[in-house]
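Protein sequences, first through last, are from chains A and B. Sequential numbering of the first sequence, starting at 0, is according to numbering that gives the first Met the number 0. Sequential numbering of the second sequence, starting at 0, is according to numbering that gives the first Met the number 0.
In case anyone wonders, no lab produced these hints; they're calculated from the structure. Don't take each hint at face value.
Restricting the straight-line Cα-Cα distance to at most 16 angstroms, the calculated cross-link-like pairs of lysine to aspartate or glutamate (EDC-like) are [to be verified]: (1) K171/B / D75/B; (2) K167/A / E111/B; (3) K171/B / E233/B; (4) K167/A / E110/B; (5) K142/B / E111/B.
Residues from chain A that face chain B, not an exhaustive set, calculated with beta carbons under 7 angstroms [unchecked claim]: (6) A91; (7) R172; (8) A173; (9) R175; (10) A176; (11) Q182.
All values derive from a computational prediction rather than experimental measurement. A virtual CB, placed ideally from N, CA and C, is assigned to each residue, including glycine.
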Amino acid sequence: MPEELAWFLEVLIAGLLSGVMYSLVALGFVLIFKASGVFNFAQGAMVLFAALTFARFLEMGINFWFAAAITLFIMVVLAVIIERVMLRPLVAQPVIILFMATIGLNYFLEGLAQGVWDTQVHALDLGIEDVPWQSVMDATNILISLFDVWAAVICGALVVMLAYFFQKGRIGRALRAVADDNQAAMSVGIPLQLIWAIVWAAAGLVALVAGALWGQRLGVQFSISLVALKALPVLILGGFNSIAGAIIGGLIIGAAEKLAEVYLGPIIGGGIEAWFAYLIAMLFLMVRPQGLFGEKIIERV
Amino acid sequence: MEAALTDSAAPLLIVNNIEVVYDHVILVLKGVSLEVPEGGIVALLGANGAGKTTTLKSISNLLVAERGDITKGTIDYQGQRIQGLSANQLVKRGIVQVMEGRRCFEHLTVEENLMTGAFTRRDGAASIRQDLELVYTYFPRLKVRRTSTAGYTSGGEQQMTALGRALMARPKMILLDEPSMGLAPQLVEEIFEIVKKLNEAEQVTFLLAEQNTNMALRYSHYGYILENGRIVMEGDAASLAGNDDIKEFYLGIAQGDQKANFRATKHYRRRKRWLG
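Given these sequences and hints, build the entire structure.
This is the structure:
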């Protein structure tokens, strides 16, 4: 393989795989937006909360899977509390009010996480080593991080699971019904409270997975909640209410960012990676504001 | 058309003097009382904004979602107080509302829409399946369109989907809000025929809010006229349809044989206003 092409592929693959990590965070937003039309500003704080809780449990020497289970349980309890305390009293309020409530929730969760645990940087070891994939390296001379591959596999499994859960069965149907028209869903006896609690719990699960993966990469600390900002362009690109959109959006953003850094960087200066995603998002907003896979608004004439 | 049901049995639903306030300030229902006998079709008639929908929503407790509150009065169903029960609990007890404007789940298929109606049921997939088939026998057109996305079906099909969805909950009583809205006259007739069939064959009780007074009185047993949040008149359907005031106000038929025309009616000069 020519040197040039191998280098291009290496950058592209690294970009796509890092895009998967963005998708993971975006997924949490999509779940809640789909079910309630609310942009959950607190998703980043949920990632922090889950990652910090998980990391501290591991530090206490608790078995890996047991720690994951307890953290997940805590996220579910958190979802139920959020539904009771925040969403229920605000039912039938305009969406913007719920949005502002999630801003409040964001600060509360950040404070709670750091208050209960601490503000130190904690290492989180998932037992996946961040080393090049040797066999691929030998065969093609392309460097692929094994950790990134594992992250992609985990993310893929999570997406398949969620998509299946949303598509099939009584609860999945009810979730989509609530997403379409929550009053009509109420009128046939679907309890909104239950559905919201389920959705927030699912978003909590996603936050835990995202937090764990990002946690190993960056270390668990406050700044991990800022990965949510990287999810924004992904959402704009993919559409706020599409699980598939979050994945494709993440891949595009990830790949574009890395390619721009490598190929445009030398021309217009480095550090493109930090802002290129937002540029794409802005251009996209002008062309296709509902995103690539945003739900079509059905309009009959 | 049909004789009013005898009121020997206790009514299935008794609404007693309810007041409903929206947003803590807007008084919409100012003391509404009505009774629905088991197995009856009762029509709730009146113009836009008279309070028909609010009355239905206060029974099905969908008011919560619109910041409405029942501040006075009582609602009894099967001899039990049902105020404050959630919509979910009410559906389990057999009261389902079919909301105004159909309100199908647009991105779900017709069959998925119908299946959402069975959410509260716990009697097993087999009997739900059986009821799905039953709905398809009442609405053969839905069976043809079962895999279509509901948002892309016609208005009539959506109304049928909404009604079928309610049936999937195995209701004792359906609160049917404006089934005729936006439908061609022929379709309206078709929907009302099905309502009548369901009433007779499945013993579903209907409380029906309608602006199409003519059609509603043809198919119901008893009627209430709502105006400005108050019941102003009630009676069995035949006597209401024969009432002179109702003929004039709601059916557009003038007294005597003479047709109403503009020249014969009094003209009121519009009061001068500051703005247009």
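Contradicted hints - numbers only: Failing hint: just 3.
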